[in-house]
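Using the sequences and the hints, build the whole thing.
This is what each chain is made of:
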Amino acid sequence: MTVRRAVERLLALVRRRRLDRELENEILAHLELAERDAMARGLSPEEARRAARRRFGGIDQMKEEHRDQRSFRWIETLLRDLRYGLAALRRAPGFTAIVVSVLALGIGANVAMFSVVDAALLKPLPFPQPDRIVRLWEAPQPGVLNATSAPDFLDWKRLANTVFEALSAEQSISVALTDKDGATRLSGKAVTADYFQVFSTRAQLGRTFAPEEDQPGAAPMIVLSHAAWQSDFGGDPDILHRHPILDGVPHQVIGVLPPGAFDRDETRFWKPLVFTPDQQVRDIHWLTVYGRLRGGVTAAQAGERMQAIHAALTETRSIEDRKATIVVAPLARLLVGAGLQRSIYVAFGAVALVLLIACANTVNLLLAKAASRGRELAVRAALGASRGRLIAQLLTESMVLCLLGGVAGIALAALLIRVATPIWADSLPFTADVKLDLRVLSFAGVVALGVALLAGTFPALRASFSNVAESLNRSVRGSSGAHARLRRAIVIGEVALSLVLVCGALLLFRSLLKLQQLDTGVRIENVITMSVDLPPGAYPTPQKAALFYRAMAQRLQAAPGVSQVGLSTVLPLQWISNGEGILVPGIPEQVHVRFKRVDPGYFRALGIPVLAGRGITGQDNDGTPRVMVINQALAARLAEVARMKDPVGKVVRVSTPGYLETRVFIPEVEIVGVIRSERVSSPGDSDPPVVYVPLAQAPSPQVKLLIRTGAEMAVAMPAIREAVREIDPNLPLGDVETMQQVRDRTLSGASRPAGLIGAFAAIAVLLAGIGLYGVLSHTVTLQRREIGIRMALGAGATEVLSHVLRNALSMVAVGLGLGLLATFALTRVMKNLLFEVSPLDPVALTVACVSIALIGLLAGFLPARRAASLDPVETLREEG
Amino acid sequence: MSAIDMSKPQSEVPYGTLDLLILKTLEAMGPLHGYAISRRIEQVSGDSLQLSQGSVHPALIRLEQEGWIRTDWGISETNRKVKFYSLTRAGKKQLLVEVANWEKATALVAHFLESMS
Chain A
1 MTVRRAVERL
11 LALVRRRRLD
21 RELENEILAH
31 LELAERDAMA
41 RGLSPEEARR
51 AARRRFGGID
61 QMKEEHRDQR
71 SFRWIETLLR
81 DLRYGLAALR
91 RAPGFTAIVV
101 SVLALGIGAN
111 VAMFSVVDAA
121 LLKPLPFPQP
131 DRIVRLWEAP
141 QPGVLNATSA
151 PDFLDWKRLA
161 NTVFEALSAE
171 QSISVALTDK
181 DGATRLSGKA
191 VTADYFQVFS
201 TRAQLGRTFA
211 PEEDQPGAAP
221 MIVLSHAAWQ
231 SDFGGDPDIL
241 HRHPILDGVP
251 HQVIGVLPPG
261 AFDRDETRFW
271 KPLVFTPDQQ
281 VRDIHWLTVY
291 GRLRGGVTAA
301 QAGERMQAIH
311 AALTETRSIE
321 DRKATIVVAP
331 LARLLVGAGL
341 QRSIYVAFGA
351 VALVLLIACA
361 NTVNLLLAKA
371 ASRGRELAVR
381 AALGASRGRL
391 IAQLLTESMV
401 LCLLGGVAGI
411 ALAALLIRVA
421 TPIWADSLPF
431 TADVKLDLRV
441 LSFAGVVALG
451 VALLAGTFPA
461 LRASFSNVAE
471 SLNRSVRGSS
481 GAHARLRRAI
491 VIGEVALSLV
501 LVCGALLLFR
511 SLLKLQQLDT
521 GVRIENVITM
531 SVDLPPGAYP
541 TPQKAALFYR
551 AMAQRLQAAP
561 GVSQVGLSTV
571 LPLQWISNGE
581 GILVPGIPEQ
591 VHVRFKRVDP
601 GYFRALGIPV
611 LAGRGITGQD
621 NDGTPRVMVI
631 NQALAARLAE
641 VARMKDPVGK
651 VVRVSTPGYL
661 ETRVFIPEVE
671 IVGVIRSERV
681 SSPGDSDPPV
691 VYVPLAQAPS
701 PQVKLLIRTG
711 AEMAVAMPAI
721 REAVREIDPN
731 LPLGDVETMQ
741 QVRDRTLSGA
751 SRPAGLIGAF
761 AAIAVLLAGI
771 GLYGVLSHTV
781 TLQRREIGIR
791 MALGAGATEV
801 LSHVLRNALS
811 MVAVGLGLGL
821 LATFALTRVM
831 KNLLFEVSPL
841 DPVALTVACV
851 SIALIGLLAG
861 FLPARRAASL
871 DPVETLREEG
Chain B
1 MSAIDMSKPQ
11 SEVPYGTLDL
21 LILKTLEAMG
31 PLHGYAISRR
41 IEQVSGDSLQ
51 LSQGSVHPAL
61 IRLEQEGWIR
71 TDWGISETNR
81 KVKFYSLTRA
91 GKKQLLVEVA
101 NWEKATALVA
111 HFLESMS
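Line by line, the protein sequences are chains A and B. For the first sequence, this note's numbering assigns the number 1 to the initial residue and increments by one for each residue that follows. For the second sequence, this note's numbering assigns the number 1 to the initial residue and increments by one for each residue that follows.
If you are wondering where the hints come from, they were derived from the structure by calculation, not from laboratory data. A portion of the hints provided could be inaccurate.
Stated by the list, open to error - Derived DMTMM-like pairs (lysine to aspartate or glutamate); straight-line CA-CA distance at most 25 Å:
| # | chain 1 | residue 1 | chain 2 | residue 2 |
| --- | --- | --- | --- | --- |
| 1 | A | K650 | A | D622 |
| 2 | A | K157 | A | E138 |
| 3 | A | K435 | A | D118 |
| 4 | A | K63 | B | E77 |
| 5 | A | K157 | A | D321 |
| 6 | B | K24 | A | E8 |
| 7 | A | K63 | B | D72 |
| 8 | B | K93 | A | E8 |
| 9 | B | K81 | A | E24 |
| 10 | A | K63 | B | E64 |
| 11 | A | K63 | A | D20 |
| 12 | B | K81 | A | D60 |
| 13 | B | K92 | A | E8 |
| 14 | B | K81 | A | E64 |
| 15 | B | K24 | B | E64 |
| 16 | A | K63 | B | D19 |
| 17 | A | K63 | A | E24 |
| 18 | B | K81 | A | E32 |
| 19 | B | K81 | A | E8 |
| 20 | B | K24 | A | D37 |
| 21 | B | K93 | B | E66 |
| 22 | B | K92 | B | E66 |
| 23 | A | K189 | A | E212 |
| 24 | B | K81 | A | E35 |
| 25 | B | K93 | B | E103 |
As the list claims (entries may be wrong) - Derived coverage of chain A by chain B (criterion: at least 3 residues anywhere in the stretch with Cβ under 8 Å from a Cβ of chain B; other residues may be distant):
| # | region |
| --- | --- |
| 26 | 33 to 46 |
| 27 | 59 to 65 |
We treat Cβ as the ideally placed atom computed from N, Cα and C, and that holds for glycine.
Right under this line is the structure:
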């Protein structure tokens with residue numbers, strides 16, 4: 001076919017009406033002329049008309065041929081079927097609404113979930129050549145991640161430039177931003193100058209750091225994130241000439257980043273990381289290192305090179321240093337942890353099941369519809385429509401339904417994403433931009449098409465295979481036959497699938513309940529927490545900080561609505577990232593411990609019992625001998641490695657970080673008490689050994705306030721702020737939250753999808769119930785005559801009722817059986833998400849089975865009651 | 001022409017021949033309407049061709065889409081507005097191609113029959 005003709009044929013689709021009209025006219029003219037000629041040959045008008053028709057041939061065949069020639073007939077047919085399908089759907093608005101909303105639920109949930117999966121797991125990171133961005137760390141043992149010291153980082157940077165285009169170190173910081181309205185806290189990062197080369201990000205306004213700007217003596221300057229520029233600085237167009245005061249020092253804003261990934265991170269600004277002489281120590285590991293690989297270099301190759309560099313650098317150092325591995329891992333794989341990944345996949349699996357159930361329901365509804373349309377289809381078949389044409393038409397109809405469902409689903413997904421983004425934003429990495437983009441829309445299209453094929457094929461095939469004569473003969477009755485069997489099978493499948501979902505949801509809920517009851521070793525009711533960061537300018541010495549903390553605790557204790565106050569460098573129920581070592585006389589290796597600095601009020605405010613010796617008191621300060629309290633886990637560890645039965649009174653050496661300098665002291669410290677271990681990580685992990693050092697003896701510029709209030713936490717907040725302002729008006733309070741929130745974050749992480757999966761399970765059960773109801777109610781309609789006869793023969797209403805209910809229960813029972821098998825197979829994947837709940841928890845399984853059976857009974861009861869209330873005389877007469 | 005496939009009533013003339021007949025008719029007679037074309041083909045071929053007159057219309061739309069013939073509106077002998085078809089320049093070329101093809105094919109068949117007898 002020539003191109004010209006193909007174009008003409010496509011155009012003919014649009015001109016279909018006009019071309020048909022012209023053809024009609026041509027035929028009329030042709031016949032008129034033929035008649036005229038025939039009459040001229042002497043035929044009568046009647047004979048002439050007949051002769052003309054005869055000579056012309058089959059008019060309808062010719063028209064079909066004409067359409068075939070002038071256009072692509074399958075497209076014309078498709079368009080006609082679409083029109084016809086839409087008309088049919090308009091005639092049955094109730095049916096259409098149900099199917100479309102069922103599909104919209106299934107498709108919408110899947111599309112929303114896919115947008116999360118896509119953003120968090122599938123899409124490349126939103127930076128140029130994202131696969132070249134890596135993170136580097138030292139692993140003293142496999143699986144352990146150690147930060148990097150400044151000299152190591154500088155050595156790496158100097159020696160590894162054959163494999164890295166840029167290598168940058170980062171340290172999270174937090175500063176007080178002061179302006180005329182007071183002080184606010186701003187999270188930021190101190191980074192070496194080529195940080196933005198690693199992420200290949202340029203400034204939108206101004207510039208990022210120049211190479212020499214992380215050297216000593218450089219002027220104070222910052223780069224702002226777009227979000228910080230907009231919210232903290234009101235989008236001031238003159239921002240590059242402003243000098244905001246951070247921790248009392250004016251900083252020049254040299255650039256603003258473009259909007260994007262960095263806006264979703266909590267980092268609001270970046271400043272150059274300038275190494276002071278006392279930070280240039282090898283045994284303080286504090287930096288996070290990111291690199292951009294050179295083109296063509298793989299992470300594995302870079303890893304080999306780094307290992308060689310490490311070997312050369314540590315030749316003269318301790319065995320412990322030398323045996324460490326240097327890990328170079330693509331950033332993309334690090335951002336989503338295994339737990340989150342599992343949660344996302346389990347939730348995605350759950351919505352996939354919901355979609356499957358929605359499909360099953362749609363098939364069921366379409367089958368019911370096809371059954372009631374059997375007569376119409378039979379008539380069309382009798383009039384010469386081929387089986388192919390009927391199938392095509394029915395498929396087109398279900399396609400229209402699914403496309404409508406898809407469009408509604410996309411709208412629903414957009415809504416879900418809008419509503420849920422603030423909720424899940426915290427758990428997703430900052431690089432994940434969850435939105436309805438082209439990728440998600442194509443996914444929606446594929447799902448809708450797949451559903452259309454899956455849901456449309458069965459009913460179409462079934463409908464067109466049914467015997468024409470049988471369908472035309474209305475006396476055929478009863479619920480038997482392949483058609484009814486298929487519908488029953490579908491309902492059974494739905495029951496089975498919803499059982500899997502309900503079990504999954506119940507398991508997660510039970511796990512959440514167990515977590516709620518978990519004894520964490522701390523009392524957190526009515527405890528508010530907030531963070532305090534002392535600006536080094538105003539608090540240059542540890543003594544000043546210690547005085548401030550003491551004054552603040554006393555002042556807060558007196559504030560109205562406050563019952564107890566405690567201070568700590570790390571929140572309870574939160575992992576203590578600060579690791580140190582203690583040296584016990586007589587054993588060569590140091591004992592690794594977690595390190596926490598607390599004030600005298602901490603143990604009391606959180607109800608942590610002292611098991612032996614004493615807690616920390618107000619007398620433990622700068623002028624008194626150094627003491628510490630250890631937890632049970634450390635006591636056990638000391639008993640194991642140092643045969644130290646009673647640690648109280650023993651003296652050990654503890655590496656202790658300094659106040660502002662990163663230098664570490666290793667003073668002698670007396671163990672004065674043992675407390676019961678408090679939980680610091682998610683359930684399942686055992687308690688790590690922890691030392692508690694008096695805050696007054698080793699102050700830190702950053703502490704967390706823990707305040708137990710009266711019944712109404714919110715009431716105490718103004719008094720708390722006022723109390724802090726009285727002592728230092730320039731000090732902002734940040735990260736205000738309740739301990740309950742901290743607890744939920746730490747403990748429920750793994751079981752978090754419970755609510756989500758619970759909602760999906762509810763939808764699934766609802767859909768299965770609708771499916772069951774549909775099938776039974778259709779069966780009852782078909783069996784009216786049979787029921788009528790039985791009742792005429794003396795069957796009572798209860799008998800009829802129980803007959804229909806038995807029918808329902810048999811389906812539910814088979815479905816539950818199959819569902820249990822599937823549950824056994826599937827809930828195993830949830831094992832890591834469950835806390836102290838077996839994937840085969842009998843309580844969850846029983847509750848799930850019983851609730852589904854109840855819903856099945858309810859779905860069966862309505863049609864059953866209708867059957868029982870039939871008037872036999874009426875039914876039989878009506879069928880006549 | 002006894003072996004006609006009845007399921008394809010449109011190919012009562014050898015496949016592709018109808019195009020040739022229509023193009024040739026238009027070349028010889030100038031602009032004609034559909035009825036006149038079918039009459040002319042009938043008259044020239046006498047009883048030897050079993051052509052339903054209607055089947056020229058699908059052929060005409062195809063030839064028009066190919067750009068070989070052009071349509072103009074005119075008035076029929078019964079005073080109705082009808083399409084008059086005439087040969088385009090491309091159509092004239094196509095006619096030469098079709099005639100050449102036809103001659104090649106018949107020569108081949110003739111040669112074949114001769115050499116087999």
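Each hint, compared with the structure:
1. A/K650 to A/D622: Distance of about 20 Å is within 25 Å: holds.
2. A/K157 to A/E138: 15 Å, holds
3. A/K435 to A/D118: 9 Å, holds
4. A/K63 to B/E77: 24 Å, holds
5. A/K157 to A/D321: The hint holds at about 19 Å.
6. B/K24 to A/E8: 24 Å, holds
7. A/K63 to B/D72: Roughly 21 Å between the alpha carbons, so the hint for A/K63 and B/D72 holds.
8. B/K93 to A/E8: 20 Å, holds
9. B/K81 to A/E24: With Cα atoms ~12 Å apart, B/K81 and A/E24 stay inside 25 Å; holds.
10. A/K63 to B/E64: Holds. A/K63 to B/E64 sits at ~17 Å (cutoff 25 Å).
11. A/K63 to A/D20: 9 Å, holds
12. B/K81 to A/D60: 22 Å, holds
13. B/K92 to A/E8: 20 Å, holds
14. B/K81 to A/E64: 23 Å, holds
15. B/K24 to B/E64: 15 Å, holds
16. A/K63 to B/D19: 18 Å, holds
17. A/K63 to A/E24: Holds: A/K63 and A/E24 sit about 9 Å apart, inside 25 Å.
18. B/K81 to A/E32: 12 Å, holds
19. B/K81 to A/E8: 24 Å, holds
20. B/K24 to A/D37: Between B/K24 and A/D37 the Cα gap is close to 23 Å, so the pair holds against 25 Å.
21. B/K93 to B/E66: 12 Å, holds
22. B/K92 to B/E66: OK: B/K92 and B/E66 at ~12 Å, within 25 Å.
23. A/K189 to A/E212: 18 Å, holds
24. B/K81 to A/E35: Given that 25 Å is the threshold and the Cα spacing comes to 17 Å, the pair holds.
25. B/K93 to B/E103: 15 Å, holds
26. 33 to 46: Coverage by chain B holds for the region 33 to 46 of chain A (4 residues, Cβ < 8 Å).
27. 59 to 65: holds (count 4)
In summary, this structure violates none of the numbered hints.
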